[in-house]
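Student: What follows is each chain in one-letter form.
8 protein chains.
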Amino acid sequence: QGLNLDMRRGIRTGIPEVVFGAGKSKKQLFTAVKHLAGRQQKVLVTRLGADAGNALAQEFPEGRYFEVPGLFELNSSIDLDHPWNGEAEAMIISAGGADLPVALEAYACLEFFGHTPGLVSDVGVAGLHRLFPHLPKISKARILIVIAGMEGALPSVLAGLCPVPIVGVPTSVGYGTSLNGITPMLAMLTSCAPGISVVNIDNGFGAACFAFKVLSRQRAESS
Amino acid sequence: QGLNLDMRRGIRTGIPEVVFGAGKSKKQLFTAVKHLAGRQQKVLVTRLGADAGNALAQEFPEGRYFEVPGLFELNSSIDLDHPWNGEAEAMIISAGGADLPVALEAYACLEFFGHTPGLVSDVGVAGLHRLFPHLPKISKARILIVIAGMEGALPSVLAGLCPVPIVGVPTSVGYGTSLNGITPMLAMLTSCAPGISVVNIDNGFGAACFAFKVLSRQRAESS
Amino acid sequence: QGLNLDMRRGIRTGIPEVVFGAGKSKKQLFTAVKHLAGRQQKVLVTRLGADAGNALAQEFPEGRYFEVPGLFELNSSIDLDHPWNGEAEAMIISAGGADLPVALEAYACLEFFGHTPGLVSDVGVAGLHRLFPHLPKISKARILIVIAGMEGALPSVLAGLCPVPIVGVPTSVGYGTSLNGITPMLAMLTSCAPGISVVNIDNGFGAACFAFKVLSRQRAESS
Amino acid sequence: QGLNLDMRRGIRTGIPEVVFGAGKSKKQLFTAVKHLAGRQQKVLVTRLGADAGNALAQEFPEGRYFEVPGLFELNSSIDLDHPWNGEAEAMIISAGGADLPVALEAYACLEFFGHTPGLVSDVGVAGLHRLFPHLPKISKARILIVIAGMEGALPSVLAGLCPVPIVGVPTSVGYGTSLNGITPMLAMLTSCAPGISVVNIDNGFGAACFAFKVLSRQRAESS
Amino acid sequence: QGLNLDMRRGIRTGIPEVVFGAGKSKKQLFTAVKHLAGRQQKVLVTRLGADAGNALAQEFPEGRYFEVPGLFELNSSIDLDHPWNGEAEAMIISAGGADLPVALEAYACLEFFGHTPGLVSDVGVAGLHRLFPHLPKISKARILIVIAGMEGALPSVLAGLCPVPIVGVPTSVGYGTSLNGITPMLAMLTSCAPGISVVNIDNGFGAACFAFKVLSRQRAESS
Amino acid sequence: QGLNLDMRRGIRTGIPEVVFGAGKSKKQLFTAVKHLAGRQQKVLVTRLGADAGNALAQEFPEGRYFEVPGLFELNSSIDLDHPWNGEAEAMIISAGGADLPVALEAYACLEFFGHTPGLVSDVGVAGLHRLFPHLPKISKARILIVIAGMEGALPSVLAGLCPVPIVGVPTSVGYGTSLNGITPMLAMLTSCAPGISVVNIDNGFGAACFAFKVLSRQRAESS
Amino acid sequence: QGLNLDMRRGIRTGIPEVVFGAGKSKKQLFTAVKHLAGRQQKVLVTRLGADAGNALAQEFPEGRYFEVPGLFELNSSIDLDHPWNGEAEAMIISAGGADLPVALEAYACLEFFGHTPGLVSDVGVAGLHRLFPHLPKISKARILIVIAGMEGALPSVLAGLCPVPIVGVPTSVGYGTSLNGITPMLAMLTSCAPGISVVNIDNGFGAACFAFKVLSRQRAESS
Amino acid sequence: QGLNLDMRRGIRTGIPEVVFGAGKSKKQLFTAVKHLAGRQQKVLVTRLGADAGNALAQEFPEGRYFEVPGLFELNSSIDLDHPWNGEAEAMIISAGGADLPVALEAYACLEFFGHTPGLVSDVGVAGLHRLFPHLPKISKARILIVIAGMEGALPSVLAGLCPVPIVGVPTSVGYGTSLNGITPMLAMLTSCAPGISVVNIDNGFGAACFAFKVLSRQRAESS
Ligand SMILES: Nc1ncnc2c1ncn2[C@@H]1O[C@H](COP(=O)(O)O)[C@@H](O)[C@H]1O
Ligand SMILES: Nc1ncnc2c1ncn2[C@@H]1O[C@H](COP(=O)(O)O)[C@@H](O)[C@H]1O
Ligand SMILES: Nc1ncnc2c1ncn2[C@@H]1O[C@H](COP(=O)(O)O)[C@@H](O)[C@H]1O
Ligand SMILES: Nc1ncnc2c1ncn2[C@@H]1O[C@H](COP(=O)(O)O)[C@@H](O)[C@H]1O
Ligand SMILES: [Mg+2]
Ligand SMILES: [Mg+2]
Ligand SMILES: [Mg+2]
Ligand SMILES: [Mg+2]
Ligand SMILES: [Mg+2]
Ligand SMILES: [Mg+2]
Ligand SMILES: [Mg+2]
Ligand SMILES: [Mg+2]
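Protein chains in written order, with my numbering: chain H, 2 to 224; chain U, 2 to 224; chain Y, 2 to 224; chain G, 2 to 224; chain S, 2 to 224; chain E, 2 to 224; chain Z, 2 to 224; chain A, 2 to 224.
Bound-form chain H, shown alone (with noise of 0.2 Å):
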């Protein structure tokens, strides 16, 4: 099938091996969730649309396809039903309703690598009378992980009122001028408010990953 496993990327960098489900063809993700399950046991596919999702839970009865973030699990405690914790050392805070899909896979990523984030949903700048509540708590976690469309403001906002580092991850909500996520993606790169550090679009797996190190290296160091 042409895969190569990274079984050694865990040890290696922290973060075990995780399947790009998107591309690949039925055959090659049947034969890297039984080969990943074989070794590392709970398994993480990523990307994966309502066909693939559905094929992959039929093939695998002990697995579970969430279509709203296209991930597929097998053998990980993930659990995405709200309420979400208010309060984390890495919280997730979005600014449309639009944005939830990204929002859940960034949530269950840190779920799967050991890791209960917050959530905080559609608090965008339209509103932003709806993100003050939720300030104090947000101000206290070690990492924030913001998640906007459009012309994705929320984390120049968040970064010009507290303290924590951001991980913006623009979103491909919107239309016209939103270039699919490119536009808010280059106005957090060239945010004014210094603390902000972009991923790629809707990748709230590489936002998760990242936060993860950064939240890994603590513990480490204060041990």
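Please note that the accuracy of each hint is not assured.
[Claimed, not checked] Under 7 Å between C-beta atoms, here's a sample of chain H residues computed to sit facing chain U:
| # | residue |
| --- | --- |
| 1 | Val69 |
| 2 | Gly125 |
| 3 | Ala127 |
| 4 | Gly128 |
| 5 | Pro137 |
| 6 | Met151 |
| 7 | Glu152 |
| 8 | Ala154 |
| 9 | Gly161 |
| 10 | Thr178 |
| 11 | Thr184 |
| 12 | Leu187 |
| 13 | Thr191 |
| 14 | Ala194 |
If you are wondering where the hints come from, they were derived from the structure by calculation, not from laboratory data. Think of the CB as a built atom: it goes at the ideal place given N, C-alpha and C, for glycine as much as any other residue.
Starting from the known structure of chain H, fit chains U, Y, G, S, E, Z and A with the ligands onto it as the hints suggest.
Tutor: Using the frame of chain H, we list chains U, Y, G, S, E, Z and A with the ligands on its own:
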């Protein structure tokens, strides 16, 4: 010289002919100023570098060249000295100190057309607390001209907080992913906060024209 | 569902919360409509494909789904049947027959906000003589919403001919170098005729919000 | 010098070899001019800055450097002084005063090839009334070269009003969203008015070549 | 339906109103065809997918829908069957077999306007020897329409070999860096061989309009 | 059908005519295959979706359609089953499992031309240790075809480690900022490690053609 | 001067106000430095060309202008002389010698904020063996700032090899397809190796701010 | 100075370390040249403007600075004087006279590496007859480096005519839609004629490295 000045523009559109200085030869600029001065008396030339601007000021000693906004005027009563008004029908709000040239271009043009605007400078989202004291007065304006470079988030924040229509002016302030103003322009166009429309990058002149037309229609109607 | 509806938006900004339908799950759409209907009664959802739109119309039988502009409304008195007014404070002018969906989105939103606009359709620059009979009435409006795809030249022509401020709406009508609306958007932004500001591609909603804010300020002031 | 001049081009294509001046060293320019002068006598070099242009004029005192269009000629009878003809088989129409260098490049090239064109300048869409008096004569031409920067709307307007085929020449006049001429180029290419074809940005030379070929074919046919 | 058909276009510009089919509802298409058929009798609709095209053919049984070029006609005498002429005043030359839909759009439009063109297909630069036998006849044409996707080199090659003016039509044939036709369009615009002008990507209609206007002017003059 | 197959291509260039399947009608594909089969016997068609591919396989039962690389062949001896060779004059190295379709397109084309390449799959920079065991054999090849999506870093790493010239093939694997393969393409083109040249996105065919030409010249010379 | 310095930024966000030097007039720069020096004593100005930088150094003789990174500081203890530390909580790794200005901007900013980083220079992927000796110490850091121009592959390679979170800084080093840093930026954003987030092109300042916030949170937590 | 020269590069990759001159300070350049001269004796620095190049030539009087290709060399035997060979294993073909700097960069680099190439200049598609006399000798080469700006059509034409693999080098010669070389680059990448691979814009160095690696492998194999 290939020039065909539009002497009836003020009557047709409410905005008199203003000379676009960039890319014109000195010969063309002298001809245009002389011609307009002879007809409509007050003359405005925009987007003039120091070299062309000073040449005009030498040729027409009664005129003045303003280097920061790159404007030359003759027979008008433009006055750019601060303190600027904190309250006016048309309020200009700028995000950063480096946006001043564009803010002053808008300011001077409105004065040239016959309206004295207000101006609040350097209140961008990196420190939103600088904006809040001005909100009550800003919220009484008829129209806001909101100027921002980098990620261009200030119009979004203001549109979510007050009922005044906003003309966003993206600026070329920034570097790298600000793409010489393309990024704040795209961001303003795809804002999640409704009530914003946008003019060209660094186009203080265009924002002033639009705002003046809005103010003019209002007065006409109320009489 | 990750939704946090902004019930105070109308009071703060003069424009009530309108649901952005694209990218939301049916579950999210039902929740949003039910929630808003319970609070502010009249509800508007924009950018809905036929599938989601009809599902909403089935779930809320008192509501209506308008397929051409992709809108769902509840408890409002939107009426899109023509003949449309040829004279109004806010006039909508569209360039081509294929721009009608965007024109009707702007039309419906203004009605939803409480203003009945006028609408003149298919008077683009390929046959300018179609525009001229409407000029006298157009010139009396307080604000124009001018909609055009392809090269987007209509706002420039109108701005040179009348004193009314123009909100340009570029559309994705065209192919190849129209770049899904990027070209008319860039063209409107760099118009040589002053008095134009621009909203996002196909954004009839945004143009209506801006125009309504302009009209509201005028009324407030004249009282 | 790495040069291989195409002496048979005039015979093959009807357009003699013209030297592209940009990016050539002075050594290369001198060699090219000397070589061509020895063979086909009349010589034209385009896109020359003042430095290279004056060097050529000094080296070949019988030649002339025209600074506005950036051209050097030898042994031809180019004459750029106005008044220009208002009627001709090939009419050049330019939108703004700053488009003059491109208009004169087209003008000079047509003269060099043996045709005397007409030229009407600064009649862009910001004041269309300036165009209308010229329409009757323009409509009698065999081909129009229509030059415009910024939003490039003039070709669309003309194509809707007269039966003459139009070669659109976008110019780099403008700033910000005019994207150095990309915007008027895209706009002309996606015009809703049929009968327009387009050449490179600022390419007065190319428009003249195309127009001359059209005129030549006509003459050939009518004999 | 928001339609305002331009019945006087043929008289003004020499090209009758042709309906742009893309993005119009079936209701709009039926109305437009019925309206035009009642006035100018022969009707042409372009850019129609199979669904809309077949619906028109069913509604108007005397009309015909041509699926390859996506055209519907009524009361005209379009005939696309080959063999096509190898010699004509307007010659259409296409580079690859997959460019045929665009070539036939140009072919049909010229026939609709009243001129029978020639057509030589699949003679692109990957095998230039296929082009050479056609050169003598091609070189006698009054105008060439040269159609190419991918790198779009065929117009350059032809412009260097013959004295006929060339209208280049870039096509969306290709993938990856052909950028849906942007690359051949840019290539044709920046050709080193003079005598080429360019229309929109896949725009056989536009090339035919331009060519027909050129041919019409020629005939007018020679009488 | 507008087809003009290039039967002499193999003789002129060393690479026989291969049919580009995308955008051709079934009628055109059948004609092309029948025509080529009658002349040069072995036939290859690239870039075929399942629908067109299966139609060809049904029409020509002796042929085979390979769905993963989207190829149809007739009378050749293409064999894509692994294990693949780990050593060969032309080695194909692919970065991720999802790049397999492109790797197999290159593989099949080389086989079709008469060379059996090697293939090492899924050894991208996320886990470079997977590459190192293959380095000694890779370093003995005459040419490498290195395939990578996302950031496209694998060619850079290999070019820094071994003396074999590399043909980089960027793929459209990825999302967001991978820009459908534009990003790895740009990255490979601007590599800091010399010895890389690049073909079109997903263009396994083009890489195979180039590599085969390199191998052919070598053999010719050494005799 | 239109300046409104944010004196409370250090308290709110942990990062004191730093003056963005580009595009400010000398008058504005003098005012800003004087104002900040009077309040928070130590002052940092970024992105200063030699002209403005030397003017500041002359106006404030106790300050220093560092030409390579384009920084001016007053009352801080920035020291850029090497040898630099090979081990630190925040390690800066740069790919090429020409990336030094950006590396030193990050270095100086971290020192200004109170952290002494390490720096390893010129260890890019063209010669990966230069990197390997540093890996053990690099792997002990809490955060890496990895700086690369051209194809920007170094962050990917490092992320695959060690567990430290990486802030990627794309630089404008390169030409052509490096697109002034857009290419390495896109490449870092779409890396196949998880654990990377990205800041603006050439933005050593932004990387330092983000890293310092990460380090600060860690210290706060461990106490 | 932040430099870490890669002394083992020649052994690993067959191409010795060559200094990238752009963006390095004079201090860095002097250090690099001195260091390399001490180890590998012959030194090459690329992409040097006249200022830096002359400074190097003054510091190292035995070295030479070649202004046209912007190269500095020490202890090598580079000789750029023409006549150049018309036949060689590696033939450099350039389209226009203004492409000479890139052609000479490739020429000098190949000489530096130990191979004397041939060079045929100014034979672009505007006058293809200039190319044909050279075809027999060109067709005997092992590899072609084909250099073209503007529309970059020359590699396509050559790939259709001869069996030699082609390394295309797009140049920044041109203006407007040549997009500083992006257009010929895209065109070469999407050529319909197989057997072309492409390097960065103006990258004569990269083409020479690739060609030299190809030639080296051939020799190794044939022994
Ligand atoms: N058609 C539309 N175009 C642009 N913005 C819209 C549109 N419809 C609603 N919105 C705005 O989009 C914002 C985000 O939407 P939501 O995801 O519903 O919270 C809302 O607050 C609306 O102001
Ligand atoms: N295939 C086509 N490509 C470009 N323009 C077209 C095409 N077909 C028709 N048109 C033009 O598009 C204009 C706008 O179309 P409509 O929306 O039908 O008014 C018409 O006036 C036609 O001149
Ligand atoms: N997968 C492919 N990618 C790029 N070019 C191809 C591919 N397959 C075939 N070609 C080339 O595309 C050219 C044009 O295709 P055709 O339309 O079949 O004449 C052919 O001559 C082939 O050299
Ligand atoms: N080199 C830099 N890159 C990006 N942002 C910066 C840089 N230097 C300062 N800034 C930020 O830019 C913001 C706007 O700058 P100012 O115009 O000085 O108010 C400041 O608040 C800083 O946070
Ligand atoms: Mg919301
Ligand atoms: Mg500030
Ligand atoms: Mg119409
Ligand atoms: Mg004018
Ligand atoms: Mg073919
Ligand atoms: Mg993998
Ligand atoms: Mg180095
Ligand atoms: Mg030449």
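Student: Run every hint past the structure and note whether it holds.
Tutor: Now for the hints, and whether the structure bears them out:
no.	hint	result
1	Val69	violated (21 Å)
2	Gly125	holds (5 Å)
3	Ala127	holds (4 Å)
4	Gly128	holds (6 Å)
5	Pro137	violated (16 Å)
6	Met151	holds (4 Å)
7	Glu152	holds (4 Å)
8	Ala154	holds (4 Å)
9	Gly161	holds (5 Å)
10	Thr178	holds (4 Å)
11	Thr184	holds (4 Å)
12	Leu187	holds (4 Å)
13	Thr191	holds (4 Å)
14	Ala194	holds (4 Å)
Checked against the numbered hints listed earlier, the structure breaks hints 1, 5; every other hint is satisfied.
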